[in-house]
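**Q** The primary structure of each chain is shown beneath.
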Amino acid sequence: MLGEKDKLERFEQTILPHMDAAYNIARWLTRNERDAEDMVQESYLRAFKFFEAFTGVNGRAWLLTIVRNTCYTWLQQNRSRELMTEFDEEIHSDETDAWNPAARLIKETDSRMVRQALEALPAEYREVVVLRDLEDLSYKEIAEIAAVPLGTVMSRLARARGRLKRLLCERFKGEDVR
Amino acid sequence: MNCEAAQTLADAYIDGELDPAGRLEIERHLEECALCSEGYREHRALKRAVGAGELRFKAPAELQQRIRFALRREAQTETGPRTVPRRWFTAAASLAIAALALLFLLPWSRGKSDDLVAREVLAGHIRSLMADHLADVPSSDQHTVKPWFDGKLDFSPPVKDLAAEGFPLVGGRLDYIDNRPAAALVYQRRKHFINVFIWPSASGAESGTQTSERNGYELFHWTRDGMTYWAVSDLEQSELRKFVDWLQK
Numbered sequence: 001m002l003g004e005k006d007k008l009e010r011f012e013q014t015i016l017p018h019m020d021a022a023y024n025i026a027r028w029l030t031r032n033e034r035d036a037e038d039m040v041q042e043s044y045l046r047a048f049k050f051f052e053a054f055t056g057v058n059g060r061a062w063l064l065t066i067v068r069n070t071c072y073t074w075l076q077q078n079r080s081r082e083l084m085t086e087f088d089e090e091i092h093s094d095e096t097d098a099w100n101p102a103a104r105l106i107k108e109t110d111s112r113m114v115r116q117a118l119e120a121l122p123a124e125y126r127e128v129v130v131l132r133d134l135e136d137l138s139y140k141e142i143a144e145i146a147a148v149p150l151g152t153v154m155s156r157l158a159r160a161r162g163r164l165k166r167l168l169c170e171r172f173k174g175e176d177v178r
Numbered sequence: 179m180n181c182e183a184a185q186t187l188a189d190a191y192i193d194g195e196l197d198p199a200g201r202l203e204i205e206r207h208l209e210e211c212a213l214c215s216e217g218y219r220e221h222r223a224l225k226r227a228v229g230a231g232e233l234r235f236k237a238p239a240e241l242q243q244r245i246r247f248a249l250r251r252e253a254q255t256e257t258g259p260r261t262v263p264r265r266w267f268t269a270a271a272s273l274a275i276a277a278l279a280l281l282f283l284l285p286w287s288r289g290k291s292d293d294l295v296a297r298e299v300l301a302g303h304i305r306s307l308m309a310d311h312l313a314d315v316p317s318s319d320q321h322t323v324k325p326w327f328d329g330k331l332d333f334s335p336p337v338k339d340l341a342a343e344g345f346p347l348v349g350g351r352l353d354y355i356d357n358r359p360a361a362a363l364v365y366q367r368r369k370h371f372i373n374v375f376i377w378p379s380a381s382g383a384e385s386g387t388q389t390s391e392r393n394g395y396e397l398f399h400w401t402r403d404g405m406t407y408w409a410v411s412d413l414e415q416s417e418l419r420k421f422v423d424w425l426q427k
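As they're listed, the protein sequences go chains F and D. Residues in the first sequence are numbered consecutively from 1, following my numbering. Residues in the second sequence are numbered consecutively from 179, following my numbering.
Any given hint could be a false lead.
If you want the footprint, here are the derived chain F segments under chain D, 3+ residues with CB under 8 Å [as the list claims (entries may be wrong)]:
{"id": "1", "segment": "11-21"}
{"id": "2", "segment": "42-50"}
{"id": "3", "segment": "111-118"}
{"id": "4", "segment": "132-144"}
{"id": "5", "segment": "158-167"}
With a Cα cut of at most 27 Å, we get these calculated DSS-like pairs of lysine-lysine [claimed, not checked]:
{"id": "6", "chain 1": "F", "residue 1": "K140", "chain 2": "D", "residue 2": "K225"}
{"id": "7", "chain 1": "F", "residue 1": "K140", "chain 2": "D", "residue 2": "K236"}
{"id": "8", "chain 1": "F", "residue 1": "K49", "chain 2": "D", "residue 2": "K236"}
{"id": "9", "chain 1": "F", "residue 1": "K49", "chain 2": "D", "residue 2": "K369"}
{"id": "10", "chain 1": "F", "residue 1": "K7", "chain 2": "D", "residue 2": "K236"}
{"id": "11", "chain 1": "D", "residue 1": "K324", "chain 2": "D", "residue 2": "K420"}
{"id": "12", "chain 1": "F", "residue 1": "K5", "chain 2": "D", "residue 2": "K369"}
{"id": "13", "chain 1": "F", "residue 1": "K7", "chain 2": "D", "residue 2": "K369"}
These aren't lab readings, by the way, just hints derived from the structure by calculation. Beta carbons: idealized from backbone N, C-alpha and C, even for Gly.
Given the sequences, and given the hints that come with them, work out the whole structure.
**A** Dropping the structure here:
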């Protein structure tokens, strides 16, 4: 019983403080509040159960790995159509228009448009942007969390940003016409 | 460096993931190439727009509380992953409010209706699980638990050992029900806990076993030998009935 208490105390010090990061990624992956909350709670209980496996080095990355896995399991069960189960880097790799300069547009976009564009990305792209630009994680950390090679993190980020750019351009043009 | 390489490395560059040599090579290329230079500017603008968009969601305070509570409960019961349903938390919160209301509305009423006592009993049960305070005297030995109450209560609660029947004693605790101190005995059935609250009955009249259900908890109460008993748990009614039968034997 005492062991459990110590464990809880250590857990509360090392893992609990990262709840905002956990919620943020869960919220972006599930795209709604309620499910995000359930994902975070489930992840925390799972993390607590497997706390012995935590090496004590990077609590945030360790927790986010669990949150991500929990979310993907949920996505596969509940949103398999939204999730690109057949997610194929090749299908999404033909976005050469990503590089066409359209800086003017981006300067004028507001956060609502950025939010909508990010939400419209496939989960695999969305998460790398969230982990990199909202959570400030390194490529190496993202690679560990998403269980992909470093090169894949880079290519996904490039494609994600390319697509984001294109979506923003489309949206901007759409608003311009009105 | 050519344009293709510069484009491939654009993300790593703006994310600060390139080594100094790579950075230098890119900067040299950008000085010469207007198209790439424009592309990099745009890429940076996009990254800024994402970073500055206040897009980061923060965990609601209610969730933080819920998780802290679930973890404490988890640590206490040493169980595997088991989520505490949202309604559980809501129930606990509304009970806390009900308890407060009782405190202010009915400061000294003696012998409350069964319904109000049931509320207090349930609140006591939930508090004991929530506040990491299951037992003041954690012991599975009835001969340790029973004497512990001496001097703390003006009555001596009967303490039964039901380990052989599959309901091991976990310990005892002082609680406060119906405006008077009560003995709380804690029993366990697998990962579920049962709180048995005992105090001298006000009327002294015997009564048979009555059952009720409240917020997903089962409550049994009866009066015998001048004592009022309340048993509460999230066990199935049939299992709790078995426990109560053993207790009454």
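**Q** Please go over all the hints and tell whether each is borne out by the structure.
**A** Tested hints:
1. 11-21: holds (count 5)
2. 42-50: It holds, with 6 qualifying residues against the three required.
3. 111-118: holds (count 4)
4. 132-144: holds (count 6)
5. 158-167: holds (count 4)
6. F:K140 with D:K225: holds (19 Å)
7. F:K140 with D:K236: It holds: about 24 Å lies between the C-alpha atoms, which stays within 27 Å.
8. F:K49 with D:K236: Distance of about 24 Å is within 27 Å: holds.
9. F:K49 with D:K369: holds (15 Å)
10. F:K7 with D:K236: Within the cut-off at roughly 26 Å; holds.
11. D:K324 with D:K420: Holds, at roughly 23 Å.
12. F:K5 with D:K369: Given pair K5 (chain F), K369 (chain D) holds - Cα atoms ~17 Å apart, limit 27 Å.
13. F:K7 with D:K369: Answer holds: K7 (chain F) to K369 (chain D) is near 19 Å, not above 27 Å.
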